[in-house]
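Q: So the protein lines, in turn, are chains F and C. Using our numbering, you'd call the opening residue of the first sequence number 1 and step up by one each time. Using our numbering, you'd call the opening residue of the second sequence number 423 and step up by one each time.
Quick caveat, the hints were computed from the structure, so don't treat them as lab data. All values derive from a computational prediction rather than experimental measurement. Each statement offered as a hint is correct.
Here are some chain F residues the structure puts well away from chain C; computed CB gaps all over 12 Å: (1) 203; (2) 249; (3) 323; (4) 404.
Here are the simulated EDC-like cross-link-like pairs (lysine to aspartate or glutamate), alpha carbons at most 20 Å apart as the crow flies: (5) 558/C <-> 582/C; (6) 692/C <-> 664/C; (7) 513/C <-> 727/C; (8) 546/C <-> 486/C; (9) 239/F <-> 327/F; (10) 342/F <-> 526/C; (11) 386/F <-> 463/C; (12) 489/C <-> 211/F; (13) 588/C <-> 638/C; (14) 739/C <-> 727/C; (15) 28/F <-> 79/F; (16) 239/F <-> 326/F; (17) 120/F <-> 83/F; (18) 588/C <-> 615/C; (19) 760/C <-> 691/C; (20) 306/F <-> 294/F; (21) 513/C <-> 463/C; (22) 468/C <-> 364/F; (23) 342/F <-> 463/C; (24) 342/F <-> 525/C; (25) 739/C <-> 726/C; (26) 478/C <-> 354/F; (27) 478/C <-> 355/F; (28) 739/C <-> 691/C.
The beta-carbon is built from N, C-alpha and C at its ideal position, and this holds for glycine as well.
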Amino acid sequence: MASLQTDYLGIRSPNPFWLASAPPTDKKINVLRAFEAGWGGVVWKTLGSQVKNVSSRYSAVDYHGSRVMGFNNIELISDRPLDLNLSEIRECIRLFPDRAMVVSLMADNDRASWHDLIRKVEDTGAHGLELNFGCPHGMTERGMGAAVGQDPEIARLVVEWVMEAATIPVITKLTPNVHSVVPTGRAAVEAGSQGLSLINTIQSVTGVDLDTFVPNPNVGGQSTFGGYCGPAVKPIALKMLTTIAQDPVTARVPISGIGGITTWKDAAEFLLLGATSLQVCTAVMTHGFRIIEDLCEGLNNWMDEKGFQRLTDFIGRSVPTLTHWEDLDINYHVVAGIDPQKCIHCGLCYIACEDGSHQAIRLDPGMPYNTYSIKEEECVGCNLCKLICPVDSCITMVEKRHGAEYLNWKEFQRRGLPLNDH
Amino acid sequence: MIRENRLTPDEYAQNFSDIHPPFETRDAALTEANRCLFCYDAPCTKSCPTGINVPKFIQQITTDNLKGSAHTILQSNIMGGGCSKVCPVEKLCEGACVYNLMEEQPIAIARLQRYPTEKAIAEKWPLFTRKPSTGKKVAVIGAGPAGLSCAHALSREGIEVTVYEKESKGGGLMTYGIAAYKVTPQFCQDEVDYILALGGIGIRYDCELGRNIRLDRLQQDYDAVFLGFGVGLARQLHIPGEDLEGVVDAISFIYDIRAKSYPAVAVGDKVAVIGMGMTAIDAATQARRLGAREVTLVYRRTQEEMPCTEAELDIAKLDGCGILWLAAPKEVVGDQGKVTALLCSIMQLGAPDGSGRRYPVDTGDTLTLEVDMVIKAAGQMPFEELVNRASLTNDRGRIVTTDSNTNIPGVFGGGDCVNGGKEVVDAVQAGKDGAAAILQYLQNNPIP
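Here chain F stands alone, though its shape is the one from the complex (with noise of 0.2 Å):
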């Protein structure tokens, strides 16, 4: 059976499995009922400036009969006595020795509270330190969190102050309220940050209430932008991994991967783009900590299916297929197929094609039952009839070469070559 060690720049855990800095994390009763359940490590809920939380404080979006497809919240870093976390943190970490213990922060604006902060916190034992660059919500206002992130000179500053202080390794949690990741990220490895981690939450309103006329979530008839996560904002969280991955700068420190998180499958997918250890919040607060037991049982099955015995056989393998659009195989060409044994004769497939573009799918009548079949000239390949199928295999894509050599925008271009006559 393959290991789910996990050694993320020295700190061990038994698996790659993190919660992530958030409510479940913020007390001792959480987290020794997370290590019992068998997480693999936690990142307590950020400490530092002093807040007060409001209510309401989360809504969500569902999708076709789904709950909480997208989760946000606008809840604030802990509002709990430091030294009732701090000395929460000791007891834990003397209870489950063989756990990861990263502490979440985010100071006040200045050299010395940073400093302060890190002190007492190193002081507990605890494994590691991560900087909150990225809350967008409430404490920006200060100046903190995302205000921090947005700005790589202001982060590359903090991250300085932090360095002259740590003695542990420091990992820098990245916000996704950015065009792009990589600057920040740049400025904080280049500062001495030893590790990043990302994403933070995305800024979102949800929806609106349609019988009120106020966003959700409603605090005493008003509302503001909160952070979105769970399953909605994974791609956008493999996306910004990757790009860290790719980064020749940031590539350099090792990832923390967060954004999403739900099943095994997804920490495979961010295993493959580059991430060492995960982290998890909104599918443990939807489900509990129970769901750890199929997380790693479900990645270790597919370790061993895929003959992978330890992580580190794995991570980042997938980084380097993600190209640039210009070099992808002009040549390469899929049409799609449809089994007529499978077909169940919705008619999916061909409304999707026919509004969807390309009128490439034959439609027979019959009574009740049409038939349905490509029309392999006019099929571009581009998956969408594959994709709404209800039936698993039913379409499947047949490669069909347009030519047998290898070539890309830029050579086709140079080449001349004609474009669509359509």
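Following the hints, position chain C against chain F.
A: Here is chain C on its own, set in the frame of chain F:
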């Protein structure tokens, strides 16, 4: 012995409660609605005689657009509420659902259809409006599904409609001819009221064609006439003993259950029901539910040829009804004028007959069922004498039409009186078709 009042009030209430309970909550309806794949050119829609856009109304449930959903249903089938309770959906929309091809449960289309339509009817949503009056008048004979559907469609187009109904309530067989556990008399009344709430439709109850109204008179008084008077006469068995006390026809048995209170309907200890159509099932199950100890369905062919659906047969079996296949009634045996037994010929299947079903042939053997009540449900006959007297071209009593036109100009027909007896949903469509034909006729024949 045949007697009334066999059960306690609680037992009656339980036995005649809704056999297909509706979704009780929005969550329950949404869970099912969200399973729908939203097929294109959907097989369910194509399998509905009224062509209800099923994927659309289900999608409208998922978006909380219940008024839109009800409108989608009712614009194709104004009795979509009642049809959701009485349609044999396993051979129509649900039978065609693509989930069947995945060996999965089909979408509960009928149950979903109840959800918005029951709300529309209960809350009297005004989903339809009338166009300005055209000054045209149309008479409709029969306030059943065909007549009401025709009347509603015409009234929406600005026609003044008068419906003549021989009973004292509207709804036709929906009100008088269907098991009470499928659709309650109260619902039927509410549905009729909902249809009439559009306006422009007047109903004259207790008016029967050929008795107190005449077709030639209606032709004079109206711009067009639609005949939707259905079928009515129970088919006779033409066997000895048919006039004994204890032999009843299923139509009147079911009519009594609908029209009287349950304890007031008499039923035997041991009942034989002759036939295997929907009406036979409704009679047999309700005989059991009224307290009969033994009920046996007697059918001269086999399960292969039976007209009722599997689902209907299952209801009868679950109600504890016995089934005697390949048995044809030969004689009702009596003592002192009362039924004591049913003598049956034992049949075997021979060559296919005109309907394509194998024809039963007498083996010469017989068997005797000890019963004290015989319910005849061997089909209903068209009003042959009535249509002959009115000079309507007909086929053994069934009015012959071409695109809803009868042989008499300005007289149209549809529903059971034309097709000989099909589903409610077929009658609703026939009413729509009749309305379309009438509108065409009125346009082509402007009457000053």
